[in-house]
Amino acid sequence: MMDAGRHPKVELLTDSEVEEISGFVGNFRARIRRKARYVDEKACTSCGECAKVCPVVVPDEYQQGLSSRRAIYLPFPQAVPSSYALNMSDCLGVRPIACGKCVEVCDKKCIDLDMEDRFLDIEIGTIVVATGLDVYDPRAQDEYGYTRFENVITSMEFERLICAGGPTGGHLIRPSDRKTPKRIGFVQCVGSRAPARAAPYCSNVCCMNTVKDTLLISEHDPDAVSHVFYTDMRAFGKGFEDLYRRSREAGVRYVRGLPGHVKQDPKTGDVRVTVENTLTGDLERYEVDLLVLSVGLVPKKNGGNKVKELLALSSTSDGFLLEAHPKLKPVDAPTRGVYFAGCVEAPKDVKDSVTQASAAAARAGALLAAGRVKIEAITAEIEREGCNFCGRCARVCPYHAITESDKKRGLYPVVIQAACAGCGTCAAECPNDTITMRHFTDLQLLGQVDAILEEKPMEKVVAFACNWCSYAGGDTCGTSRLQYPPSVRLIRTMCSGRVDEDFVWHAFEKGAPLVLVSGCHFSDCHYISAVTWTQQRVEKIWIQMEKLGMRPERLQLDWISAAEGQKFARVMRQMDELLKQITPEEVEQSKKAVAEFLRQKREKLEKRKAKAAEGAGALAAAALEKS
Amino acid sequence: MVQKLPRIGVFVCDCGLNIAGVVDTAEVSRYAATLPGVVAVIRNRYTCADPGQNEIKKAIAEHNLDRVVIASCTPKIHEPTFRKCVAEGGLNPYLMEMANIREHCSWVHQADRAGATEKAKDLVRSSVARATCLQPQDEAIFPVTGAALVIGGGVAGIQAALDLGDLGHKVYLVEKEPTIGGIMAALDKTYPTMDCSI
Amino acid sequence: MAESTTFYCLRCQNRFPVQYDPKEVKERSCPRCGSNSVRKETPAAAETQARSPSVKIG
Ligand code: SF4
Ligand code: SF4
Ligand SMILES: [Zn+2]
Numbered sequence: 001m002m003d004a005g006r007h008p009k010v011e012l013l014t015d016s017e018v019e020e021i022s023g024f025v026g027n028f029r030a031r032i033r034r035k036a037r038y039v040d041e042k043a044c045t046s047c048g049e050c051a052k053v054c055p056v057v058v059p060d061e062y063q064q065g066l067s068s069r070r071a072i073y074l075p076f077p078q079a080v081p082s083s084y085a086l087n088m089s090d091c092l093g094v095r096p097i098a099c100g101k102c103v104e105v106c107d108k109k110c111i112d113l114d115m116e117d118r119f120l121d122i123e124i125g126t127i128v129v130a131t132g133l134d135v136y137d138p139r140a141q142d143e144y145g146y147t148r149f150e151n152v153i154t155s156m157e158f159e160r161l162i163c164a165g166g167p168t169g170g171h172l173i174r175p176s177d178r179k180t181p182k183r184i185g186f187v188q189c190v191g192s193r194a195p196a197r198a199a200p201y202c203s204n205v206c207c208m209n210t211v212k213d214t215l216l217i218s219e220h221d222p223d224a225v226s227h228v229f230y231t232d233m234r235a236f237g238k239g240f241e242d243l244y245r246r247s248r249e250a251g252v253r254y255v256r257g258l259p260g261h262v263k264q265d266p267k268t269g270d271v272r273v274t275v276e277n278t279l280t281g282d283l284e285r286y287e288v289d290l291l292v293l294s295v296g297l298v299p300k301k302n303g304g305n306k307v308k309e310l311l312a313l314s315s316t317s318d319g320f321l322l323e324a325h326p327k328l329k330p331v332d333a334p335t336r337g338v339y340f341a342g343c344v345e346a347p348k349d350v351k352d353s354v355t356q357a358s359a360a361a362a363r364a365g366a367l368l369a370a371g372r373v374k375i376e377a378i379t380a381e382i383e384r385e386g387c388n389f390c391g392r393c394a395r396v397c398p399y400h401a402i403t404e405s406d407k408k409r410g411l412y413p414v415v416i417q418a419a420c421a422g423c424g425t426c427a428a429e430c431p432n433d434t435i436t437m438r439h440f441t442d443l444q445l446l447g448q449v450d451a452i453l454e455e456k457p458m459e460k461v462v463a464f465a466c467n468w469c470s471y472a473g474g475d476t477c478g479t480s481r482l483q484y485p486p487s488v489r490l491i492r493t494m495c496s497g498r499v500d501e502d503f504v505w506h507a508f509e510k511g512a513p514l515v516l517v518s519g520c521h522f523s524d525c526h527y528i529s530a531v532t533w534t535q536q537r538v539e540k541i542w543i544q545m546e547k548l549g550m551r552p553e554r555l556q557l558d559w560i561s562a563a564e565g566q567k568f569a570r571v572m573r574q575m576d577e578l579l580k581q582i583t584p585e586e587v588e589q590s591k592k593a594v595a596e597f598l599r600q601k602r603e604k605l606e607k608r609k610a611k612a613a614e615g616a617g618a619l620a621a622a623a624l625e626k627s
Numbered sequence: 001m002v003q004k005l006p007r008i009g010v011f012v013c014d015c016g017l018n019i020a021g022v023v024d025t026a027e028v029s030r031y032a033a034t035l036p037g038v039v040a041v042i043r044n045r046y047t048c049a050d051p052g053q054n055e056i057k058k059a060i061a062e063h064n065l066d067r068v069v070i071a072s073c074t075p076k077i078h079e080p081t082f083r084k085c086v087a088e089g090g091l092n093p094y095l096m097e098m099a100n101i102r103e104h105c106s107w108v109h110q111a112d113r114a115g116a117t118e119k120a121k122d123l124v125r126s127s128v129a130r131a132t133c134l135q136p137q138d139e140a141i142f143p144v145t146g147a148a149l150v151i152g153g154g155v156a157g158i159q160a161a162l163d164l165g166d167l168g169h170k171v172y173l174v175e176k177e178p179t180i181g182g183i184m185a186a187l188d189k190t191y192p193t194m195d196c197s198i
Numbered sequence: 001m002a003e004s005t006t007f008y009c010l011r012c013q014n015r016f017p018v019q020y021d022p023k024e025v026k027e028r029s030c031p032r033c034g035s036n037s038v039r040k041e042t043p044a045a046a047e048t049q050a051r052s053p054s055v056k057i058g
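Chains as they are written, first to last, in the numbering used here: chain R, 1 to 627; chain S, 1 to 198; chain Y, 1 to 58.
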């Protein structure tokens, strides 16, 4: 911590929040709000005279509310920067100055109650997101009586009570009568592994944290007995099993089963715990002096979410941020140039956080050291001709890579090449076909459709598969040698979002009996949310198929992850089944209906294009006149 | 789009018996030769191995190829390999296309040789059609601003900032609280070493 | 607001209830055959469904 404050290359911006982020890999810009601290942090010597005179007393967050602090305070003795800070919402008021006692006593005159928020604009090449997480709040699920019983505390509170720097100077006491507890109970998995009620996942750190706590207790007081009520004890890391063994050797009793009932005796203050021991099947009763809830870890609600929005990051179903690839790019965000460190990605302990932070620094450092970035030539390009400023492309781009268009000022949308990831959603959604995907052009993909349907179309299924998931799922299926009938022909696109309605119609016009669109599961989409557009597009086509008298069954949709070789094989078999149900008559019929539909569609497009050209001409003329 | 007829070379890979054990690669090669724009077809035991790659480079020069189609394994493994290979042969790397006749064909239709061979032919035909429309592409290069922003001053943010600083980069470490340290600072001791957290 | 709505599967013709909020674009799958080709049942959809041969998908 101290090192970070001292490092010549590290500019420490505390009391600060990121307000805006723009740009792209290698070329980000950020605006940082430097909130008023009301104390000059460079001048402050932490003498503490100010806090002595401050009349406001509020709970101390650092000590988990177990002691108090003043409105002007030092967060904790080793804080970096080592300077007092004034919390304005606690202060008695400055305008007009109602109190101002601290200002009077500060010899160095470093308190300025008129200080205001400032803004700092910076340019950076890379961003490391390390916004951390929150600790589960057991008030949400009060089955263990945290709000009702004084002697039921959280593991974070326990941490402060046992700490030499804590409110009790490291003497473990219980809240009700300040007596030293001799019998301490720990309840594991509070807020974790409870899909229906709290977080479904394992919070990773609580088992070992409890093991550590029991050892601390036996060090402090060899006579004290600890009981741990657990679901499973998970001691999987380096040195963990050893600690767990030491804890058991120190006499800590591990009871498999979570308490069903907890009650504090109003007279003695002791806590009675009833638990079904799942190893013996017996109902057991325990009496402890203090019960510690081993609370889990939850994704950040406030600050973390703001950064998530600013960077257009997505999260997995558990609320933690989604990495670019769980095995190959575990610290990369899907957005290039952004990396994750620590618990923002998943709950982890200090060691893993540090390890991941170093990994993120290495990834970010490699980018900075290279000094330049190469962008794979699969990006989108907008031709102005035909564009009527509808703005759809900018709205659907998951990366905000397309600039806003403005008809009045003749501002055409432009793809920021470095920000474009090449999903092709814009090209599929542009109603005027004015967007070209380099390396995945309409011509190339339609050429493939034609080639597939040229001979014996009735025996084939035209399938679109995204590069990252469904195509890769097909590879996994192959690697596992799962067998399926050979009727499906895959066409690879980077993302299922690339699959233009017209591709599907084209296939039907050319006599495809069955078309499959496949991509990533929503949570795996490699282009943030592009897959949601795929689904909406397919739903739209289904409706139109019905209008044309076609069975919507002839367009199928599937989400297949790269790992789901089994599902891939199953879908291929199902396609083969479906294919057999489609009659040559209905294909012939729909060929005609679709051809007519497409003819009308093209006619409308021509009209729109002509109008757009007219508009463009008028714009150009206006521009000429002006100059 | 396509001004003159392209000169496509198709390279069909046996992959030892991985492909040739199920798919009749000789038949696929004969078929490929009949496709529009294809001027050379070469069958190889292992196209990705050095001799196979040399064959491609040689054929590019010999037949004046301007597009290359490789019918072999999944592009997810060897697309970078073959892009590099054709670049060394003097072609723009984006003028190479792969047909996946292993993972998506020979390995999954082992009991249906005829069906697998038909499918392989189709996959090659589809790739040749795509290759016909391929255009050379240049990868854009952008400069990188030599500074990093680390958001969050907990243990992870601090470590990342220090490492980046030690690498010699300018770092902005942003923390919304008045002090860095995060949750870790509130812990007494940390496992497994049981030492102080600060 | 999410409401219970009938969806049907375009692969196996299974009909099933779904908590549906038209504003939300969500991933959905058929509880019987696992396909993602599922959609809200409308009068038009019910009509085509009636015309469709029932496919045995397993
Ligand atoms: S291809 Fe995708 S990422 Fe690129 S501009 Fe279009 S929508 Fe955005
Ligand atoms: S016409 Fe196409 S390119 Fe122009 S704004 Fe609309 S979607 Fe974008
Ligand atoms: Zn179904």
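These are calculated hints, taken from the structure and not from any lab test.
These figures come from a predicted structure and were not determined experimentally.
Please note that the accuracy of each hint is not assured.
As a list, the in silico SDA-like pairs of lysine to any residue whose alpha-carbon atoms are at most 25 Å apart [stated by the list, open to error]:
id : chain 1 : residue 1 : chain 2 : residue 2
1  : Y       : 40        : Y       : 15
2  : R       : 611       : R       : 396
3  : S       : 170       : R       : 358
4  : Y       : 26        : R       : 529
5  : S       : 176       : R       : 21
6  : R       : 9         : S       : 57
7  : R       : 42        : R       : 7
8  : R       : 301       : R       : 276
9  : Y       : 40        : R       : 396
10 : S       : 176       : R       : 64
11 : Y       : 26        : R       : 309
12 : R       : 540       : Y       : 14
13 : R       : 179       : R       : 167
14 : R       : 327       : R       : 375
15 : R       : 9         : R       : 362
16 : S       : 176       : R       : 310
17 : S       : 57        : R       : 561
18 : R       : 567       : Y       : 32
19 : Y       : 26        : R       : 375
20 : R       : 182       : R       : 287
21 : S       : 170       : R       : 120
22 : R       : 592       : R       : 446
23 : Y       : 23        : R       : 7
24 : Y       : 40        : R       : 109
25 : S       : 76        : R       : 324
26 : S       : 170       : R       : 396
27 : R       : 109       : S       : 147
28 : R       : 604       : R       : 431
29 : Y       : 40        : R       : 179
30 : Y       : 26        : R       : 561
Listed next, the stretches of chain R that the computed footprint assigns to chain S, with coverage defined by at least 3 CB atoms under 8 Å from CB atoms of chain S [claimed, not checked]:
id : segment
31 : 16 to 22
32 : 119 to 129
33 : 496 to 510
The calculated label-pair distances, taken between Cβ atoms and stated as ranges, are [stated by the list, open to error]:
id : chain 1 : residue 1 : chain 2 : residue 2 : range
34 : Y       : 27        : R       : 580       : 51 to 61 Å
35 : R       : 42        : Y       : 27        : 44 to 54 Å
36 : R       : 194       : S       : 138       : 30 to 40 Å
37 : R       : 584       : Y       : 27        : 31 to 41 Å
38 : S       : 21        : R       : 141       : 29 to 39 Å
39 : S       : 61        : R       : 450       : 27 to 37 Å
40 : R       : 88        : Y       : 15        : 55 to 65 Å
From the three backbone atoms N, C-alpha and C, an ideal C-beta is built for every residue, glycine too.
Checked hints:
Between residue 40 of chain Y and residue 15 of chain Y the CA atoms are separated by roughly 10 Å; this keeps the pair inside 25 Å, and the hint holds. Simply put, residue 611 of chain R and residue 396 of chain R have alpha-carbon atoms about 24 Å apart, close enough for the 25 Å limit, and the pair holds. Between residue 170 of chain S and residue 358 of chain R, the direct Cα distance comes to roughly 16 Å. Compliance with the 25 Å bound is thereby established for this hinted pair. Note on residue 26 of chain Y and residue 529 of chain R: the hinted pairing holds, with a Cα-Cα distance of about 11 Å set against a maximum of 25 Å.
This hinted pair checks out: residue 176 of chain S and residue 21 of chain R have alpha carbons roughly 16 Å apart, not beyond 25 Å. Between residue 9 of chain R and residue 57 of chain S the CA atoms are separated by roughly 49 Å; this puts the pair beyond 25 Å, and the hint is violated. Taking the CA atoms of residue 42 of chain R and residue 7 of chain R, the gap is about 15 Å. The hint holds against a cut of 25 Å. Restraint check for residue 301 of chain R and residue 276 of chain R: not satisfied, since their Cα atoms lie roughly 34 Å apart, outside the 25 Å limit.
For the hint linking residue 40 of chain Y to residue 396 of chain R, the alpha-carbon distance of about 23 Å falls within 25 Å, and the restraint holds. The straight-line distance between the Cα atoms of residue 176 of chain S and residue 64 of chain R is roughly 18 Å, inside the 25 Å bound, and the hint therefore holds. For the hint linking residue 26 of chain Y to residue 309 of chain R, the alpha-carbon distance of about 19 Å falls within 25 Å, and the restraint holds. Between residue 540 of chain R and residue 14 of chain Y the alpha-carbon distance is near 21 Å, which keeps this suggested pair within the 25 Å criterion.
Taking the CA atoms of residue 179 of chain R and residue 167 of chain R, the gap is about 15 Å. The hint holds against a cut of 25 Å. Our distance criterion of 25 Å between C-alpha atoms is met by residue 327 of chain R and residue 375 of chain R, whose separation comes to about 22 Å. Proximity of residue 9 of chain R to residue 362 of chain R is assessed by CA-CA distance (about 16 Å); at most 25 Å being required, the pair is judged to hold. For the suggested pair residue 176 of chain S and residue 310 of chain R, the alpha carbons sit about 16 Å apart, so the restraint of at most 25 Å is met.
At roughly 36 Å between alpha-carbon atoms, residue 57 of chain S and residue 561 of chain R are farther apart than 25 Å, so this suggested pair is violated. Distance check on the hinted pair: residue 567 of chain R and residue 32 of chain Y sit about 14 Å apart at the alpha-carbon level, within 25 Å; holds. Of the pairs offered as hints, the one joining residue 26 of chain Y and residue 375 of chain R is violated, with about 31 Å between alpha carbons and a cut-off of 25 Å exceeded. A hinted pair counts as satisfied when its Cα atoms are at most 25 Å apart, and residue 182 of chain R with residue 287 of chain R qualifies at roughly 11 Å.
Straight-line distance between C-alpha atoms of residue 170 of chain S and residue 120 of chain R comes to about 15 Å, which keeps the hinted pair within the 25 Å bound. Between residue 592 of chain R and residue 446 of chain R, the direct Cα distance comes to roughly 19 Å. Compliance with the 25 Å bound is thereby established for this hinted pair. The hinted pair formed by residue 23 of chain Y and residue 7 of chain R fails the criterion: a straight-line CA distance of about 49 Å is larger than 25 Å. Using a Cα cut-off of 25 Å, the hinted pair residue 40 of chain Y and residue 109 of chain R is violated, with the two alpha carbons roughly 69 Å apart.
Only pairs whose Cα atoms come within 25 Å are accepted, and residue 76 of chain S paired with residue 324 of chain R is accepted, the gap being roughly 16 Å. Between residue 170 of chain S and residue 396 of chain R, the direct Cα distance comes to roughly 35 Å. Violation of the 25 Å bound is thereby established for this hinted pair. The suggested pairing of residue 109 of chain R with residue 147 of chain S is violated, with an alpha-carbon distance near 34 Å, which exceeds 25 Å. Taking the CA atoms of residue 604 of chain R and residue 431 of chain R, the gap is near 10 Å; set against the 25 Å cutoff, the hint holds.
In summary, the hint linking residue 40 of chain Y to residue 179 of chain R is not supported, as the alpha carbons are separated by about 63 Å, beyond the 25 Å threshold. For the given pair, residue 26 of chain Y sits about 16 Å from residue 561 of chain R by alpha-carbon distance, which is consistent with the 25 Å threshold. Check on the segment 16 to 22 of chain R: 3 of its residues sit with their Cβ under 8 Å from a Cβ of chain S, so the three-residue criterion for coverage holds. Taking a C-beta to C-beta cut-off of 8 Å, the segment 119 to 129 of chain R contributes 8 residues in contact with chain S, enough for the three needed, and the coverage statement holds.
Beta-carbon proximity to chain S at under 8 Å applies to 0 residues in the segment 496 to 510 of chain R; the threshold of 3 is not reached and the given coverage is violated. For the pair residue 27 of chain Y and residue 580 of chain R, the beta carbons lie near 28 Å from each other, so the given range of 51 to 61 Å is not met. Checked against the hint of 44 to 54 Å, the C-beta distance between residue 42 of chain R and residue 27 of chain Y comes to roughly 52 Å, which is consistent with it. Hint check: residue 194 of chain R to residue 138 of chain S, Cβ distance near 54 Å, so the stated range 30 to 40 Å is violated.
In this structure, residue 584 of chain R and residue 27 of chain Y meet the distance hint of 31 to 41 Å, their C-beta atoms being roughly 34 Å apart. Distance hint check for residue 21 of chain S and residue 141 of chain R: the Cβ-Cβ separation is about 59 Å, which falls outside the suggested range of 29 to 39 Å. Between residue 61 of chain S and residue 450 of chain R the C-beta distance comes to about 31 Å, which sits within the given range of 27 to 37 Å. Under the hint 55 to 65 Å, the C-beta atoms of residue 88 of chain R and residue 15 of chain Y, about 59 Å apart, fit the expected range.
Consistency note: the structure conflicts with the earlier hints numbered 6, 8, 17, 19, 23, 24, 26, 27, 29, 33, 34, 36, 38.
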